[in-house]
Structure formats: structure tokens, C-alpha cells
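Q: Given chain A, work out where chain B should sit, using these hints.
Taken in sequence, the protein lines are chains A and B. The first sequence maps to residues 1 to 269 in the numbering used here. The second sequence maps to residues 1001 to 1534 in the numbering used here.
It cannot be assumed that every hint is accurate.
Stated by the list, open to error - Which bits of chain A does chain B cover? Going by a derived footprint, with three or more residues having C-beta under 8 Å, they are:
| hint | stretch |
| --- | --- |
| 1 | 83-95 |
| 2 | 129-143 |
As the list claims (entries may be wrong) - Taking beta-carbon pairs under 7 Å as the criterion, some of the chain B residues facing chain A (in silico):
| hint | residue |
| --- | --- |
| 3 | Gly1132 |
| 4 | Asp1198 |
| 5 | Ala1199 |
| 6 | Ile1278 |
| 7 | Ala1280 |
| 8 | Ala1282 |
| 9 | Arg1304 |
| 10 | Ser1367 |
| 11 | Val1375 |
| 12 | Gly1377 |
| 13 | Arg1444 |
| 14 | Ser1524 |
| 15 | Arg1528 |
| 16 | Ala1532 |
Just so you know, the hints here were simulated from the structure itself, not pulled from any lab data. No residue lacks a Cβ here, since even glycine has one placed at the ideal position from N, Cα and C.
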Amino acid sequence: MSQESAGAPLLPGANPEVAVPAIALRKLTKRFGATLAVDAIDLDIPAGSFYGVVGPNGAGKTTSLSMATGLMTPDSGTAYIHGVNLWTAPDEAKRMLGVLPDGLHSFDRLTGAELISYAGLLRGMDRGTVLERRDDLLAALDLDSAGRTLVTDYSAGMTKKISLACALVHAPRVLVLDEPFEAVDPVSAGAIRRILTAFVQSGGTVVMSSHVMALVERLCDRVAVIGGGQILAEGTLDEVRGGRELEDRFVDLIGDVADKRDLTWLRQS
Amino acid sequence: MVASVLAVKFRTQRHVLERERWRILIVIGGALWMLVLLPWTFWGASALTGESSEFRQDVLVGVVLLLTLGWVSVPILITGLDDTLDPGRFASFGVSARRIMAGLTVAALLTIPVAFFVVFFLILTSVWRDGGAGAVTVAIAGALLTVLSLVFVARVAAMWSTRVLASRLARGAAIAMIAVGLALVAPLAWVLFSDGLDAVLENYLVVFLDQAAVTPLGAGMSAPNAAAAGDWWGVAWRLGEQVLWVLVLWGAWRANVTHALVHPKFRGAGTRRREDTIIASAQRSRIRGVLPPMSVAATAVRSRLLRYWFSDPRYLANMMGVFVFPVVFIALVMPVTGLDVRWSFAAPVLLAASIGWGRHNDVAYDSSALWLDVVSGRIGTDVLRGRMSAIVAWALPATLVACAAIVMWSGLWHIAPALVGACVGVLGLTLGVAAVSSVLFPYRAPAPGENPLGAEVGSVGAGLVAQLVSSTATVVLLPLVIVPLVLALAVDPRWAWLACAAGFAMGPIAYIAGVRVAGRAYDSRAGRLLAAVT
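If we strip away everything but chain A, and leave its shape as in the complex, we get (with noise of 0.2 Å):
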């Protein structure tokens, strides 16, 4: 699997002439019971790119991420945060990654405020910092008035961006993002459109999962389709739909739904 040297164990058979990717993950493996939520992944995912992680819902894909930053241990496999083993490394791996999961609770007794300087404080940072970028996160998405309000009054829009800010505090080099656009109103949406885009532009890399293609069309330069547990199609944007929309391309991979039943029933005359 990995191949351990002197220092952070790093990714083996990495050319020195190639950039090393972001994020590598190397058949990474996860079964529950008698399902193969994801089935020896292999996948790069280079730096400085807006990738797109998209699939039909099961497919695997917060399986794969919650691998490939550290919430689910892997059957086998493992994943690699710039050329560093997340698995045997992770104080350094960790590091580098800014993580926002989709679905999980938030420490909803704290403030929008707290959760931010409380992410902060957990990352080692110093006060005078965690203060500063707090506050600019907080008005960067539109939470500034919302920022003395408990999380546990929060719509679930307000929960993803505080989760986001979280995730921003201590600027990670790689910012892996599950759903961050679900919930969110097209005003705070187009901001954090402009955040990640600038992120990535000044060499940040994102990984971003959606069901929306148009979304993913808009914003991303790479793009991984996962179905069955496994990478269907991976490259850029353009070399993954082939000339068509990737909406089409997408239910081409994954098949339509099978079972077209024409609910009468459902007609209002």
C-alpha cells in the first residue's frame, strides 16, 4: 500500500517531474455488510483543480470522501493529501484539508460565531487570527447577523455555510466539499461561487460533490462520475462528456431509470 520513508510517509511512484496530486487515492475499499459501497478506487485528483465528483445517490461518493479525509477508516486502500499518507500521517495530512461534510450534525449549542473560532482553536491557531478571519467569514457569507445566534436556530442553508466557514478557517491547501451549494439561497450561492473560485485560481485546490450538473459544468475543470462504487469516467470536463451535455453523458453512464411506469394517477384532469 504505502511506502514509508524518513519523515510523512508518502505516495509511492510519485514522479518528481509531475506534479503530485492533491488528493490520490489508491484502491481505496469500503464494505458494509454484504454491499460494496466502494470498490477499489483508485483516482488523482490534481492540484490546483475545481473537481467535480458527481453519481446517481448510493453511488459511493461521501463514502469515497469521508475515506479520503479522514471521518471512515478503509477497508483497504488509502489516500494521499499532497503526496501524504492521511492514514499513517494524519496530523500532516489533516492539515491541508478543509472538510465539510454533508448530512452530519454541527455543535449546535455554540453561536455561528463559536463553531467558526472553535474550528479555528481546534487547528492550533492563535487567537488574534481565529478573531480576525471569523469575522470576515461571517460577513464573506452573509452570517454576520445571524453570528450570535445559536446553530440550532439555523435554516439548513445557514448550517452549510457555517460548516463552510469551518472548513475556510485555517485555508487549507485542499478544500473537500460534500453538497456545500444544498440548501443555500442563489445570493449566499453566487458568494461561495466567488470564494472557491478565487481559491482555486490562487492555486487551492477544491473537490466538490453535487448532484446538480449544471452547477458542476459552471464551476468545475475535472470531473470523476462514480456508480456501482467505482469511477465510471474520469478527465476533464470536456474529454468526461464528450461533446454532449453532461447531464446526457451522465444518464448514459449510469443508466436511466428502468422501470418508466406512467402514473396516471398522479393527473389533475
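A: Just chain B now, with coordinates in the frame of chain A:
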């Protein structure tokens, strides 16, 4: 609708048992335990048959009062209420309380404990054989109504306490519930201590049971006595009262279900806080001298947990629970059993042990929110240090206040160092064990915003391994700090200083070692913790 609700209940239970087959053993074990109790019930019933009718009535009323206490307190304090049929889960289907209540009622009655208690009370009806068929028939009616009362009173108590705890007034409500509990126990304790158990049994208990017999709590059990005496108006009045009580309880339950159907969870009133206490804690972490310095991350975790301890209903419910055993011991067990005043020293020790052992699943209370801790690096030791120090922040003062109160009350000042030492030792040891257990054997706890008294199907056995391991470790380690206290109390007061030294040495050592071991385990299990607690 009844069939649909029952189908949901039984299918959910079947799926849970299929997924975690070991739980079947818990169900079988519980059923066997209940079966073992039945021969004893027969023996008790036959022993009672030869007694006077008044005595029989008093015993049966007493049994029902104790069972009522059990049915009310066990779901609230220990097991949680099975939330498979939590009415809130039906909210999105747009069904009315009227339509689902029948299903919920039947489902609440079709459980193993209810089946056991029906058989238990039916066996006890044989006590009235000598009163003729009429008395036995009345006894059967009274028994069935009593079981209905027990089932409904448990639902009402658990749902109302949940509702109060889940409200914005949770903190005040928790304090009020403790105060009401103490107010109920205090007069009894006072009478027991001042008059002694024999006098209480002689003078008060019979009067109390006679009074209880005409209340809805005991009416079902006293009706057959009236029937045996030929007082049929008395029978009608008592059974009518019992029926009315069942209807009132059912109505209260229904009112709660109606409320739950139209009041979704997770919505608050927009509490605002001016100060960012987390960032303020980073400032405080630099203050050296009084306490050993903690890292900024550990201080942030402590600050967060302190907020949870004093505002999250799940933590408040836990905090309330730890006072139950010590209060019951000192206010009821001691006077009833006529224990020597030295036994009162057990109460603060019990408090420290309840607090420490009770945290054996501490990490799981973060639920899936612990992702933020996990992605932040290898900070397991900081996380555990912060978590545990937040507990110490309220547990140590509470325990010391209890020590001071007991020493002042008992007047055994010369044993005070032993008591304080033992309590510090017990708190440190149990928290150390709890820290390790909560990382190595976490099990699902109510998630943030969920019913703090809720429990998933078969939850009694859910944390069996964790409870077994932490209990065993606690039992093995505690004598190290408790034995010197016992020697100081029973043999020679000079042991007090050794007890003090042992507690102050071993408590902090066990605490620090526990936090360190747990912290390392947290880091190595980081990728599995999330799945284990959700």
C-alpha cells in the same frame, strides 16, 4: 390504522434484531428473568392468602405504589423510552392524533413487560379466592385497569419530562424537577430519621396505604376487598375511579401526541449570545498558576462542553440522574434500614461514582457532530482533556459540597479528610475509566435535538459491553480508594489520612492516565468513531 402502526413497530424491531442479532439474547434473557419471577409471585400470593383482608389490601396497594414509581422513573432515569413510535415521526404524514392513538395504545400494550405484569397481577388476584367469584372477578378487573394505569402513567411521565427538558426552559425545568423530587423525599426522610422505621411502619405506613387505597393509584387493588366485604357501592366507586384515572392518563398522553404532531423538533426561539465564549476561553487558557495549563484546543473543547452541560437537555437529564442514587440512599435507604450515621459517608462517594461511571459513553453525545474534531488533526488527547475537565468543573464542586454537608450533618469531622480523599479518588478513577470506555466502546446516544429520554429499540442492551467493561473496571479499581475510608470509619480514625493521601494520589493519576490512553485511542480510532456513535 392500528394494523399499520403495529406493523411499523414490529417490522422495525425485527430489522433491528436482524441487524444486531446479539440483542435477541437480551430479549430472551429479559423474558427468562421475568419467567423466574413468576414462581415467586405464586409463592407470595399463597403466603398472602392466609392473612387478613386489610393486610392483603395494604400489601397489594404498596406493591402498586412501588411499581408506579418504577414505571415512572425507570424510563426517565435509566432506559429511556422506546422511540420507535415517537409521535414526532408521524408528523410528516399528516395523520391526526385521533387516528394514530389507537395504534399507539395497542403497540404500547403489546410488549414483554406488559405481558409479564398482566400475568403477575392475575396471579395476585388469587389472593381473593376466599371472597368468592365476585371478589375474584372484581380483582381481575382491578388488575387489568392497574396495568393500563402503569403503562399510561409511564408514557405521560416520560413524554412530559421530555417536553419540559426539550424546551428553552430546560435548565430551570431540570432544577425544578430536582426540587420537586427532593420535596417529595424530604418529609419522608425527616419522619424516618426522627421517628425511626418501626414507628413509621406502625403509625404512618398503614394510614398512608389506607389513604392510597382510595386514590386512583390503589383503587384497583382495594376494590376486591370491598367486594369480599359485600360493599358493592364501594366496588363501583373504586373501579369507576380507576377507569377515570386510566382515561385521564390516556387523555394526557393523547394531548401530548397531538402536540408532538404539530411541533417539529429542531426549532428554537433564536437565542442570541453577545460574547464568543469559545474565543474568550483561548484567552483564559493562557492564565497559568491555578490549574495545569491546557492547550488552546483542549480549552476550546472544555468551553464547548461546559455550554452543553448547562444548556443541552440531554446533558441536563444526565446531570439530574446522578443525584438520584445518593439522595435515595441517604433519604430512604439509611433510615429504613436503620443504618449507622457513618453510612452517610457513602452518599458523596456514590455521587462521585455515579458522575464518573455515568460518563462511560460521553463521546457518543457529540453524535455525528464529532466530525469537526476528527478532521482537525490528531487532537484526541486535547479532546478528551477538554471533555473530562468540563465534567470535573461541575462534578468536583458538587462532590465537595456533598462531602461538606455530610460531615457537618454527621459531626464526624475527624473522618472528613478520608471522605474528601475517597471522593476525589473515586471521581478520578471513574472518570479515567469512563474516558477510555467512551472511546473504545461507544454506543448510540440520543443525537443533538433528539428526545433526551429517547432510546432506540432494545436500548437496554445496546451498551451492554460498555456498561459491563466500565462497571468491572470500576469495581476492581474503587477498593483502592474506598477501603482506607472504610477502615477510617470502622477500625481506626487514623486511617483517615491514608485514605486522604490514597484518594488525592490515585484519583488524579487515574484521571490523567485515563485521559491519555483515551486520547491515543481516539486518534487511532478516529475513522471508526463516527460510525460507532451514529
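Q: Double-check B:Val1375 for me: the hint is only fine if its C-beta lies closer than 7 Å to a C-beta in chain A.
A: holds, 4 Å
Q: Report holds or violated for the interface hint on B:Ile1278, using the least CB-CB distance to chain A and a cut-off of 7 Å.
A: holds, 4 Å
Q: Closer than 7 Å between Cβ atoms is the bar; does B:Gly1377 clear it against chain A? Give me holds or violated.
A: For B:Gly1377, the interface hint holds, since the closest Cβ of chain A sits about 5 Å away, which is under 7 Å.
Q: For the hint on B:Arg1528, does the least C-beta distance to chain A fall short of 7 Å?
A: This hint holds: B:Arg1528 lies near chain A, its Cβ roughly 5 Å from the closest one there, short of 7 Å.
Q: With a cut-off of 7 Å, does the beta carbon of B:Arg1304 approach a beta carbon of chain A closely enough for the hint to hold?
A: holds, 6 Å
Q: Grab the minimum C-beta distance from B:Gly1132 to chain A and call the hint holds if it beats 7 Å, violated otherwise.
A: violated, 61 Å
Q: With 7 Å as the cut and Cβ atoms as the points, is B:Ala1532 at the interface with chain A?
A: violated, 11 Å
Q: Holds or violated: is there a CB of chain A closer than 7 Å to the CB of B:Ala1280?
A: Violated: closest Cβ of chain A sits about 9 Å from B:Ala1280, beyond 7 Å.
Q: With 7 Å as the cut and Cβ atoms as the points, is B:Ala1199 at the interface with chain A?
A: violated, 50 Å
Q: How does the coverage statement for the stretch 83-95 of chain A fare against chain B, requiring three or more residues with Cβ below 8 Å from a Cβ of that chain?
A: Result for this restraint: holds, n = 5.
Q: With a cut-off of 7 Å, does the beta carbon of B:Ser1367 approach a beta carbon of chain A closely enough for the hint to hold?
A: Given a least distance of 5 Å, the restraint on B:Ser1367 holds.
Q: Close enough to count: is the Cβ of B:Ser1524 nearer than 7 Å to one in chain A?
A: Violated, because the Cβ-Cβ distance from B:Ser1524 to chain A comes to roughly 10 Å (cut-off 7 Å).
Hints 3, 4, 5, 7, 13, 14, 16, counting from the list given before, are not met by this structure.
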